[in-house]
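Chains as they are written, first to last, in the working numbering: chain A, 7 to 368; chain B, 7 to 368.
Do not rely on the hints blindly, as some may be mistaken.
As the list claims (entries may be wrong) - Ranges between beta-carbon positions, derived for each pair:
| id | chain 1 | residue 1 | chain 2 | residue 2 | range |
| --- | --- | --- | --- | --- | --- |
| 1 | B | ASP363 | A | MET7 | 54 to 60 angstroms |
| 2 | B | GLU96 | A | THR92 | 25 to 31 angstroms |
| 3 | A | THR92 | B | VAL346 | 36 to 42 angstroms |
| 4 | A | GLU217 | B | THR350 | 35 to 41 angstroms |
As the list claims (entries may be wrong) - Restricting the straight-line Cα-Cα distance to at most 30 angstroms, the calculated cross-link-like pairs of lysine-lysine (DSS-like) are:
| id | chain 1 | residue 1 | chain 2 | residue 2 |
| --- | --- | --- | --- | --- |
| 5 | B | LYS65 | A | LYS326 |
| 6 | B | LYS65 | A | LYS97 |
| 7 | A | LYS97 | B | LYS241 |
| 8 | A | LYS241 | B | LYS241 |
| 9 | A | LYS25 | A | LYS326 |
| 10 | A | LYS15 | B | LYS18 |
Please keep in mind that the hints were generated in silico from the structure rather than gathered at the bench.
All of these numbers come straight from a predicted model, not from anything done at the bench.
Note that CB positions come from ideal geometry on N, CA and C, so glycine has one too.
Protein chains: 2
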Amino acid sequence: MLTVDVELKDRKYSIIIGKDLLKDVESFYPLNSGDRVMIVSNPTIAKYHLSTVENTLFKLGCHVDHVLIPDGEKYKTLESLNLIFTALLEKNHSRDTTIIALGGGVVGDIAGYAAASYQRGVRFIQIPTTLLAQVDSSVGGKTAVNHSLGKNMIGAFYQPISVIIDINTLNTLPRREVSAGLAEVIKYGTIFDVQFFEWLEKHIDKLVSLESSLLIYCIERCCQLKARIVAQDEKEHSDRALLNFGHTFGHAIETHLGYGNWLHGEAVAVGMLEAAALSYLNGDITENDVARLELLLARANLPTYSPDGMLSKEYLPYMKRDKKVLNGELRLILLKSLGVAYITTNISEDKVVQAIDYFSQL
Amino acid sequence: MLTVDVELKDRKYSIIIGKDLLKDVESFYPLNSGDRVMIVSNPTIAKYHLSTVENTLFKLGCHVDHVLIPDGEKYKTLESLNLIFTALLEKNHSRDTTIIALGGGVVGDIAGYAAASYQRGVRFIQIPTTLLAQVDSSVGGKTAVNHSLGKNMIGAFYQPISVIIDINTLNTLPRREVSAGLAEVIKYGTIFDVQFFEWLEKHIDKLVSLESSLLIYCIERCCQLKARIVAQDEKEHSDRALLNFGHTFGHAIETHLGYGNWLHGEAVAVGMLEAAALSYLNGDITENDVARLELLLARANLPTYSPDGMLSKEYLPYMKRDKKVLNGELRLILLKSLGVAYITTNISEDKVVQAIDYFSQL
Numbered sequence: 007m008l009t010v011d012v013e014l015k016d017r018k019y020s021i022i023i024g025k026d027l028l029k030d031v032e033s034f035y036p037l038n039s040g041d042r043v044m045i046v047s048n049p050t051i052a053k054y055h056l057s058t059v060e061n062t063l064f065k066l067g068c069h070v071d072h073v074l075i076p077d078g079e080k081y082k083t084l085e086s087l088n089l090i091f092t093a094l095l096e097k098n099h100s101r102d103t104t105i106i107a108l109g110g111g112v113v114g115d116i117a118g119y120a121a122a123s124y125q126r127g128v129r130f131i132q133i134p135t136t137l138l139a140q141v142d143s144s145v146g147g148k149t150a151v152n153h154s155l156g157k158n159m160i161g162a163f164y165q166p167i168s169v170i171i172d173i174n175t176l177n178t179l180p181r182r183e184v185s186a187g188l189a190e191v192i193k194y195g196t197i198f199d200v201q202f203f204e205w206l207e208k209h210i211d212k213l214v215s216l217e218s219s220l221l222i223y224c225i226e227r228c229c230q231l232k233a234r235i236v237a238q239d240e241k242e243h244s245d246r247a248l249l250n251f252g253h254t255f256g257h258a259i260e261t262h263l264g265y266g267n268w269l270h271g272e273a274v275a276v277g278m279l280e281a282a283a284l285s286y287l288n289g290d291i292t293e294n295d296v297a298r299l300e301l302l303l304a305r306a307n308l309p310t311y312s313p314d315g316m317l318s319k320e321y322l323p324y325m326k327r328d329k330k331v332l333n334g335e336l337r338l339i340l341l342k343s344l345g346v347a348y349i350t351t352n353i354s355e356d357k358v359v360q361a362i363d364y365f366s367q368l
Numbered sequence: 007m008l009t010v011d012v013e014l015k016d017r018k019y020s021i022i023i024g025k026d027l028l029k030d031v032e033s034f035y036p037l038n039s040g041d042r043v044m045i046v047s048n049p050t051i052a053k054y055h056l057s058t059v060e061n062t063l064f065k066l067g068c069h070v071d072h073v074l075i076p077d078g079e080k081y082k083t084l085e086s087l088n089l090i091f092t093a094l095l096e097k098n099h100s101r102d103t104t105i106i107a108l109g110g111g112v113v114g115d116i117a118g119y120a121a122a123s124y125q126r127g128v129r130f131i132q133i134p135t136t137l138l139a140q141v142d143s144s145v146g147g148k149t150a151v152n153h154s155l156g157k158n159m160i161g162a163f164y165q166p167i168s169v170i171i172d173i174n175t176l177n178t179l180p181r182r183e184v185s186a187g188l189a190e191v192i193k194y195g196t197i198f199d200v201q202f203f204e205w206l207e208k209h210i211d212k213l214v215s216l217e218s219s220l221l222i223y224c225i226e227r228c229c230q231l232k233a234r235i236v237a238q239d240e241k242e243h244s245d246r247a248l249l250n251f252g253h254t255f256g257h258a259i260e261t262h263l264g265y266g267n268w269l270h271g272e273a274v275a276v277g278m279l280e281a282a283a284l285s286y287l288n289g290d291i292t293e294n295d296v297a298r299l300e301l302l303l304a305r306a307n308l309p310t311y312s313p314d315g316m317l318s319k320e321y322l323p324y325m326k327r328d329k330k331v332l333n334g335e336l337r338l339i340l341l342k343s344l345g346v347a348y349i350t351t352n353i354s355e356d357k358v359v360q361a362i363d364y365f366s367q368l
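Just chain A, same shape as in the assembly (with noise of 0.2 angstroms):
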């Protein structure tokens, strides 16, 4: 078992890696026998895992409700973190509950953000189940539901308690969920570490087939790397920013295509190549940086072009809407080499359009 230590400006909370982690009382401190927890998860989820973990909690002595709400992006809601308001409510749940999201990045955004709503803020436990909760929103605190007229705009910054990974979780994971976490996996090589990058070149494939100990290593990595930058800026006044490296280009397809027509990493993938593009583009990066990174994102089976039939200039109204402008401003995050990435809002709209078109263009 790895832990990794987030440090906050007022407390600090530990990220436990292992295996086998669910069966295992251990895993669960801080909570304490007579604790009341309400899990959080989806249906298909809790399949597989609901009762292992209840179990677990039963030994530790914990009073244990359970609500589920509809599995998938769209139903990443209003309406779905009601659901859990109305549970908790109906269980007379006090102030002194913990909620646990059991899941993946959608039961952990909803189920955060019922925990930093509910009675104005209880304690929270995150499970993540699909890799790229493991390595991206189990970590940081950014909790959310979406507004149909944008993503992730209604939220809280809002931290756990503890984040529990057991890689064990990925094995019922679907082959494509697999790869929509390397997308995010990729990313902190590209943003932050070219060591890490190069890592990567050489080990894709083995990550691909769930290798535990490699698995093991790349989650804690991500996860040290995501802690840093949380560390220095809790609620994203500046370099938290250049996690949401292309973020912005991916919310564009995710939210013309309509949420959980393609997976999130699979939209990070493809604005990441954007975002790359448009760094070479801008006379930062080389052709052969955007190459290595569209075949090592090719090798973990991702997207690497637009959806069929979606125009470069259709991103731009969607781009505008995105969270990182500034007074109408496109706020871009852009490569100044493999492993090193900054923010500018430097960047003519015209550019942002022919670097959407690069990859057609070759």
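With chain A held as given, fit chain B onto it using these hints.
Okay, now just chain B, sitting in the frame of chain A:
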């Protein structure tokens, strides 16, 4: 113009109190020319004050939008909250926007929660237009919406960047709402400051008739008392809970009748009397103390009895669902003496029922 500073752990903000403040660009510090603003109000208040505020903000050079939510406690819901998000997104407001709450407690609570949640937090200014909101809900950063199973169950602790209290807004306030505000005013004296209680016994009639200089002193004193307690305990881990004096009983009344039938302050008035009766039955205060409180509330034109047909035992199920419940035990605020309150969990349900029956037994 008077100023009360609220000192928080990591920053402070000011409450300014006076006449004609809404017409004065200086009131709107720290807004600047070029800033975007979304005013949240309701049709009743907008009719009287929206154009005044808009004109002052235009003079300052701000870009101003507004959104109206339906008037009344029963609309303090996730649905009304979503109206605000939709308006913000339709007008492309970014995370640099400022939300201004122009209205009473309902508008302030919803708009504040919208500010806490929109893009995970934007700036927020309160312009409370009711006496209740001026002395209570606009100080301290509690924001929330209701759930059909309980009041204020969904929300956040979120502090404004400033609060503007213009007593001109009280001239158009229905008399019943002035009285409801005086219930909270009387609460401050009752739980924190026996001298202020005595001042109120002397001046309550002039407050009922809105005499300006007395009103400004009264609001200032309440804001000072509340600011002091919020500075000590922003998230209500200890002493801030004293402010809930009468509220556990009062919420039971409001929930039983359905939101909006009694005003919050009216329910709190009766709730305070029931809590005072409980303090007397518990051996803490004298019958005369209870009678002084009853008389003061009556002079402020507030109800002093349970609603018709609401049985004392009907309070308990609602009270047990209150946020102040700790592991299933009722947590109540009682009086040690006039001006001194304390929190206890050591009260039997029988005694609670007796206290509710106290007034019908006299």
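(Q) Hint check: B/LYS65 vs A/LYS326, CA-CA at most 30 angstroms. Holds or violated? (A) Since the Cα atoms of B/LYS65 and A/LYS326 sit roughly 28 angstroms apart, the hinted pair holds (cutoff 30 angstroms).
**Q.** Restraint check for A/LYS25 with A/LYS326, where alpha carbons must lie at most 30 angstroms apart
**A.** Violated, at roughly 42 angstroms.
(Q) I want to verify a distance hint. Is the separation of the beta carbons of B/GLU96 and A/THR92 within 25 to 31 angstroms? (A) Holds: the Cβ-Cβ distance is about 29 angstroms, inside 25 to 31 angstroms.
Q: Starting from the range 36 to 42 angstroms, see whether the pair A/THR92 and B/VAL346 falls in it by beta-carbon distance.
A: holds (39 angstroms)
Q: Quickly compare the C-alpha distance for A/LYS97 and B/LYS241 to 30 angstroms and report which way the hint goes.
A: Cα-Cα ~24 angstroms, so holds.
**Q.** 30 angstroms Cα cutoff - pair B/LYS65, A/LYS97
**A.** With a Cα-Cα distance of about 52 angstroms, the restraint between B/LYS65 and A/LYS97 is violated, given a limit of 30 angstroms.
Q. Can the restraint linking A/LYS15 and B/LYS18 be considered satisfied, given a maximum Cα separation of 30 angstroms?
A. holds (18 angstroms)
Q) Is the hinted range of 35 to 41 angstroms satisfied by the C-beta distance from A/GLU217 to B/THR350? A) For A/GLU217 and B/THR350 the Cβ distance comes to about 59 angstroms; the hint is violated.
Q) Taken at face value, is the distance from the CA of B/LYS241 to the CA of A/LYS241 at most 30 angstroms? A) holds (19 angstroms)
Q. Do the beta carbons of B/ASP363 and A/MET7 sit within 54 to 60 angstroms of each other?
A. holds (58 angstroms)
Comparing the model with each earlier hint shows violations of hints 4, 6, 9; every other hint is respected.
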